[in-house]
Amino acid sequence: MHEMSLAESVLQIIEDTARVQPFKRVRTVVLEIGVLSAVEPEAMIFCFDAVTRGSIAEGARLEIVDVAGTGWCMECGKNVNLSERYGLCPECGDARVEITSGNEMRVKDLEVE
Amino acid sequence: MCTTCGCGSHDVLIGGKAAAKRAARKGTQGAVSYRPRAEAAHPAPVNTPALILIHNPAPAAIHNPDPANTRRILVERDLLAKNDALAATNRAFFNARHMLALNLVSSPGSGKTTLLVRTIEALKNKKQMAVIEGDQQTENDAERIRATGVQAVQINTGKGCHLDAGMVGQALKQLSLPTESVLFIENVGNLVCPASFDLGEECKVVVLSVTEGEDKPLKYPDMFRAARLMLLNKCDLLPYLNFDVALATANARRVNPDIEIIQLSATSGAGMDEWLEWIARAQ
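Protein chains in written order, with this note's numbering: chain A, 1 to 113; chain B, 1 to 283.
There's no promise every hint is true.
Claimed, not checked - Cross-link-like lysine to any residue pairs, in silico, SDA-like; alpha carbons within 20 Å at most: (1) B:Lys82 with A:Asn103; (2) A:Lys78 with A:Ala18; (3) B:Lys159 with B:Gly15; (4) A:Lys108 with B:Arg72; (5) A:Lys108 with B:Lys219; (6) B:Lys82 with A:Ala18; (7) B:Lys219 with A:Ser83; (8) B:Lys82 with A:Glu104; (9) B:Lys159 with A:Ala50; (10) A:Lys108 with B:Gly15; (11) A:Lys108 with B:Glu76.
Derived by calculation from the structure, the hints in this document are not laboratory data.
Construct the complete structure from the given sequences, taking the supplied hints into account.
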């Protein structure tokens, strides 16, 4: 996906938060990234470091928490675990599985000074 | 994966004018330490969205030197929230005017612009229309549209590989859009990235040409799942190709069982009636 543009979004969210709850600098940023979201955590960390230079989040540590993939199979009606985005239902093998978790890309919280 | 496409607003032109810029932040590359992704442990029990893996956790040796001076702020904001909010604004704009907005997506060279020109020629006297064109560079596509007498705005994304809702929102300001008009948005030729960016459209229409492979839907499932309609274009060339139409349509339905499919040729005109009827029903 677009780790660079996503890192810019993270920084925008941090700056928006600072307008509402002012702080001097950010120490840690916690992201929740679903395993089905096609975001590469290593690339995300790299881009975050590049994008935050000179900002209120310069030097902040980016912590990425994976969120497991789950889905609902429309064929057999079961809730199942998903390890890949287009995986077949592990119960019945059908392709029509609606993703119920694992697609997240969000800033969870910030540790600030 | 687009880590180097520099998708920001730095070089975007809309109708020849610079888009509203975000402040550029350039920095020197310093040392970055990160941990390679470890193999995931056992999968979470179903229905508990357990957090199974943490990348870049605080190294054990480094303690917070001044714990009393830090606090946690709960944020819980989605990274694509900004684009989604702008898309919602666009969508409300279209709904208020009973407009149909279609987002045309495909690989480069599938025939989107030729198809649009043919479509517009056919509808010119029946409908008010407008086109937003997206390409990295040149005004070529917008000029082809304008030659038909229909208004078009060209968005040049510079390094960018897809249109986003913000760009479309700005382009709308340069168009006259009366009620019940039809807006065609021709996205940047790219079967990957546009799938993730809502522009506020009614739906995506994916154009696949018979000079591409039948397995395109399997290779680019995000896009074919995101589309409501697939136009199989350049069908006039079928006698000269080994393209298996049944296989291509089967592959598309495997990835998206609900996708509608119309076979046509923008050059010969075959199938155009079906496409025009689809547009009329969609409005």
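Hints, one by one, checked against the model:
1. B:Lys82 with A:Asn103: Since the Cα atoms of lysine 82 of chain B and asparagine 103 of chain A sit roughly 17 Å apart, the hinted pair holds (cutoff 20 Å).
2. A:Lys78 with A:Ala18: Measuring from Cα to Cα gives roughly 43 Å; hence the hint is violated.
3. B:Lys159 with B:Gly15: 16 Å, holds
4. A:Lys108 with B:Arg72: Between lysine 108 of chain A and arginine 72 of chain B the Cα gap is close to 10 Å, so the pair holds against 20 Å.
5. A:Lys108 with B:Lys219: It is violated: about 32 Å lies between the C-alpha atoms, which goes past 20 Å.
6. B:Lys82 with A:Ala18: Holds. Lysine 82 of chain B to alanine 18 of chain A sits at ~17 Å (cutoff 20 Å).
7. B:Lys219 with A:Ser83: Holds, at roughly 18 Å.
8. B:Lys82 with A:Glu104: 15 Å, holds
9. B:Lys159 with A:Ala50: Roughly 18 Å separates the two Cα atoms, so the pair holds.
10. A:Lys108 with B:Gly15: 38 Å, violated
11. A:Lys108 with B:Glu76: Distance of about 4 Å is within 20 Å: holds.
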